[in-house]
Amino acid sequence: MAVLDEAQVRDQVKEGVDQETVDAVREVGGAYKYGWETDIEMEYAPKGLTPDIVRLISEKNEEPEWMTNWRLEAYERWLTKEEPDWAMVDYPEIDFQDQYYYARPKSMEVKPKSLDEVDPKLLATYAKLGIPLKEQMILAGVEGAENAPAEGRKVAVDAVFDSVSVGTTFQKELMQAGVIFCSISEAIREHPELVKKYLGSVVPVSDNFYATLNSAVFSDGSFVYVPPGVRCPMELSTYFRINAENTGQFERTLIIADKGSYVSYLEGCTAPQRDISQLHAAVVEIIVEEDAEVKYSTVQNWYPGDENGKGGIYNFVTKRADCRGDRAKVMWTQVETGSAVTWKYPSCILRGNESQGEFYSIAIANNYQQADTGTKMIHLGKNTRSRIVSKGISAGHAQNTYRGLVSMHPKAKDSRNYTQCDSLLIGDQCGAHTVPYIEVKNNSSRVEHEATTSKVDDDQMFYCRQRGMDEEEAVALVVNGFCKDVLQALPMEFAMEAQQLVAISLEGSVG
Amino acid sequence: MALDDRKHSTTEERLATMTVPDVGCTAQARQSALGRLRAMGLPSRRDEYWKFTRPDTLVQSQAPEASIFADDEKPVFTDVDRLKIVFVDGVFDPALSDDLSLSGVEIDRLEDVCCTDDHWAEDLYGTLETKGQTPVERPLAALNTAFAGDGVTIRVTGKPTKPINLIYTHEDETSDVFLHHVVRVESGAEATILENGPAAARFNKCIEIDIADGGTLHHIRAQGRDHKRRAVTHLFAQLGRESVFKSFTLTANGVLTRNECVIELTGDDAVAHVAGACVGDGDFHHDDTVFVTHDAVNCESRQVFKKVLRNGATGVFQGKILVKAGAQKTDGYQISQSLLLDEDSQFLAKPELEIYADDVACSHGSTSGAIDEEGLFYLRARGVPKAIATDLLTLAFLAEAVEEIEDEALREEINGRLAGWLERRRG
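Protein chains in written order, with my numbering: chain A, 30 to 540; chain B, 80 to 506.
I should point out that these hints are in silico values taken from the structure, not numbers from a laboratory.
Warning: the hint list may mix true and false statements.
[Claimed, not checked] Chain A side only, calculated, beta carbon under 7 Å to chain B, not exhaustive:
id: 1; residue: G456
id: 2; residue: H478
id: 3; residue: E479
id: 4; residue: G510
All values derive from a computational prediction rather than experimental measurement.
Cβ coordinates follow ideal geometry from the N, Cα and C atoms, glycine included.
Please construct the entire structure, taking both the sequences and the accompanying hints into account.
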């Protein structure tokens, strides 16, 4: 074979492999892509957690008294709770009194009358996050932006910038459909009856240490209500960013899909590069009524710490969906590439008969990252179905654990679960673990669990290398293939980003 | 971490009722086991490792009564040419046992392990148990090391012509028995150890097995028969280079059985297979807890566990494959399956993998479900009565585990037992 120059090799690569992957690998240097820090003046509450701080947060959000009391009660309970230590993660003790529990951009101190008043630096942040142009125009308050032609599919964005929901786009169109999509603080003020009814009904105040903490100090988050029979006209999206140093981000998300409705919700997370580890403890509650369907997709690429394991986000998240009505359906899809420590188990309570839960996950841990993630499928109703597909990838010195529970209650007759957990190891210093709990309490249900652990196959690598790809490109390609089942479950907007992230996250793991 | 008060008091309460026996030259090992036990405390139902099985009746001072099983069923292995070693309620019975001399093997009672003659087992007693306490604590094994009243030491130096059969008979309805055996298979040697019998109202047994390079040991045990008995057993095995260890357990009946199996592959190219078939009916709780550690290159491990449960029986499987850093080329396999014959039975499983090496192929699977309706239909359409068809499918389900027994005669013996059990319950 004739010797090819680099361009020719590149062209050949284009033919055979997914260009997105190759480009992503090529384009990115050694650094964390989203590791900038927006220099915006922040307003902080004093460090530490006391009833006064809880009251302050409540006051800043102009909350009614019942909400303040709800938080204070959670705070009292939190004091009696112990930090869980069963996960396969190891991190220095967190001093919960050394954290800021409230921070928000100063420019928000007086609410902007129009989006024109939004700090331009904030808008630049969104631009870096890749928020589509039209939304940027709307966020920037460009006149007539709402009438500008939208490129491709519509996505409504509720961006959370360190605890405060900055602006919600597409409000009007959503309102017409009857969908409520706003920040949770707004919902507490505007729709107290809904919040009162549902908040804490899926994840009780004292569910676990971090959920209780969140209940006491959550500063903002998103609220979605889809009325009966409504198919939400667009994908709803939230971007979370942790910007200020030493602030914990405690968002609270509440999604209610009423009878026969449908909503797809995207959550993207990025946080800038920091040396000191930051704390994040979110709670997501989803209520799915009869015949309703919710899709919840997450791409989490928070700062994972540097290659020596310094810094990074501690991510302790409680996510749970409750399929209350018959034939309710919920689908969790997550791509977890960031955070130094991940502790996250999006769960489904399949209460309604014939309800369905699905969980698709890619967890990538590189360098010194530690991920302990999985799901719980609690089958209570008859004929319920669940499916778990988990792909864990470990590289460098990382530890990646799948931890899950499948529980078939005695009354969950004729139910079905299928679980598949695959782990891929890159390098001999990392670890991949599987800890599934299976509890079957009736005989008409079928439960299947499969797990495999393997490394990137030498033959596959040889094949790719022989066709001119370098080692990293080849690994990225193999890994993307390994993750395909999950990537396909993501909405289009996220699938591309996720695919790139997969490659970026493994940067420096070979050679 | 310091013990919580409750655990501490339960442990001390139990210890207050017991005295460390003076058997052979094991005093030092017993004292150190006592120290380990005090540090970890007896298990409680709040312990993660006892999530699915309540240890209460294994821990409490008084053994719950167990009626003696009376049946005309011939004990298992009766027709096998074997060397019998019989324990009646935990005490060696020389009259019922065969002469302990057999070419290629040295068998002694635990009490004959004396410091003066430099007995080989002296250094081994309690050693593998101690090793097996990390990363997961097994307090009931330490309790055994400290209080075992009897047991044998078996040293395999050649290839004995017949299997060694440890038989445990049960005659006292309140017997609370601790037995501790130590086995060493020397380089290139090969033997088969059989175990059977209900043993006691409450039975705590520990067996430590050290297999030297190139050694082979087959271990087949049949627990059960007595409906009311309780048992907790620990098997600790350490495998040298190119050694082979194959263990199979059949459990039928018993209110509570917890079999812990702790295997460490320390030499390259070693092979360990553990399998179990259990059939449970009614008030039956059976727990297989297996922990396989790969600490050498190119080793193979296999765990195959099958459970058939009916009338509210509970089956538990906690299995783990731990592949240490550097244990490359590991081939690990684990399967746990349950067949639930009615609505009331349950299967609880926690099949774990913990892997720190990249060039490995490890997989595990776990399934649970009812009998295959299509298979049943097929057989019934061909004139097989439902009850017999169910039994046929049940035996087929258990076959993968039973096939782990290499010796054909022994395999048939076990299959016969299973078929008999099913037939008696057909009603």
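Verification of the hints:
1. G456: With a closest approach of 6 Å, the G456/A hint holds.
2. H478: Where the cut-off is 7 Å and the nearest Cβ of chain B is about 4 Å from H478/A, the hint holds.
3. E479: 5 Å, holds
4. G510: 18 Å, violated
Of the hints listed earlier, the one the structure fails to meet is number 4.
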